[in-house]
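> Sequence:
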Amino acid sequence: MSPVFQQKKLRMKATLKYLSVLILILLVTILQDYLYDQKFDHSIYDTENRLINSLWILIFPVSILWNVLFKKVRFLARIHIVLIKRLLFIILATVTHILAFAGLADFIATNFFEQNLPFLINIRFTISVDLYKYLLIYSIIALILVRKNKNVKSR
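Take the sequence shown: its letter number 43 is residue 43 in full-length UniProt numbering, and every next letter is one higher.
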């Protein structure tokens, strides 16, 4: 087996593990919503629930955006300590996701549904309920995407 093929095979395994973890986390969030509804007898609108759960798809564009920015933006590309680069990726991706989630939920609910999901309330709700999930997901993504540069020039 050629080294290139072995590397591609390892990459595919890592991608499958990553997707499995994302699917598992999505199922846990759906279960969490269900248990919350049962315990507190608080049923949210079905459309609101679908809207909130569908915005998990933001993980992919946010990850791609920050991965590209970490490669293209000179300031971010010059960070050579992998741990700092990964922590920065996790924090920036999480904040971006929370802001994009709150903004999109507010926009979609206001324009397409009868209920209103105000931006600041969404941010508070997301931080209190989903922050640990975002940190976990973006930590896994950072482990996969943010790697040590092989082309680091010695000074």
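It is worth saying that the hints were derived from the structure and are not from the lab.
One should not assume that every hint holds.
Distance windows between CB atoms, simulated [unchecked claim]: (1) I64 to F5: 21 to 27 Å; (2) F125 to V68: 26 to 32 Å; (3) Q7 to S139: 21 to 27 Å; (4) Q115 to L76: 34 to 40 Å; (5) K8 to S128: 14 to 20 Å.
Simulated crosslink set (DSS-like; lysine-lysine; CA at most 25 Å straight-line) [said to hold, decoys possible]: (6) K71 to K13; (7) K13 to K133; (8) K9 to K71; (9) K71 to K8; (10) K71 to K17; (11) K9 to K133; (12) K72 to K8.
All figures in this text were calculated on a predicted structure; none of them were measured in a lab.
Glycine included, each C-beta is placed from N, C-alpha and C at the ideal position.
> Compare the structure with each hint and give your call.
Results of checking the hints against the structure:
1. I64 to F5: 21 to 27 Å: Because 25 Å falls inside the window, the suggested range holds.
2. F125 to V68: 26 to 32 Å: holds, 29 Å
3. Q7 to S139: 21 to 27 Å: Once the Cβ atoms are compared, 23 Å apart, the range 21 to 27 Å for S139 and Q7 holds.
4. Q115 to L76: 34 to 40 Å: Hint holds: Cβ distance 38 Å, inside 34 to 40 Å.
5. K8 to S128: 14 to 20 Å: Once the Cβ atoms are compared, 41 Å apart, the range 14 to 20 Å for S128 and K8 is violated.
6. K71 to K13: holds, 23 Å
7. K13 to K133: holds, 22 Å
8. K9 to K71: holds, 24 Å
9. K71 to K8: The hint holds at about 21 Å.
10. K71 to K17: holds, 24 Å
11. K9 to K133: Measuring from Cα to Cα gives roughly 28 Å; hence the hint is violated.
12. K72 to K8: This hinted pair holds, its Cα atoms lying about 24 Å apart.
In the structure shown, a violation is registered for the earlier hints numbered 5 and 11, in ascending order.
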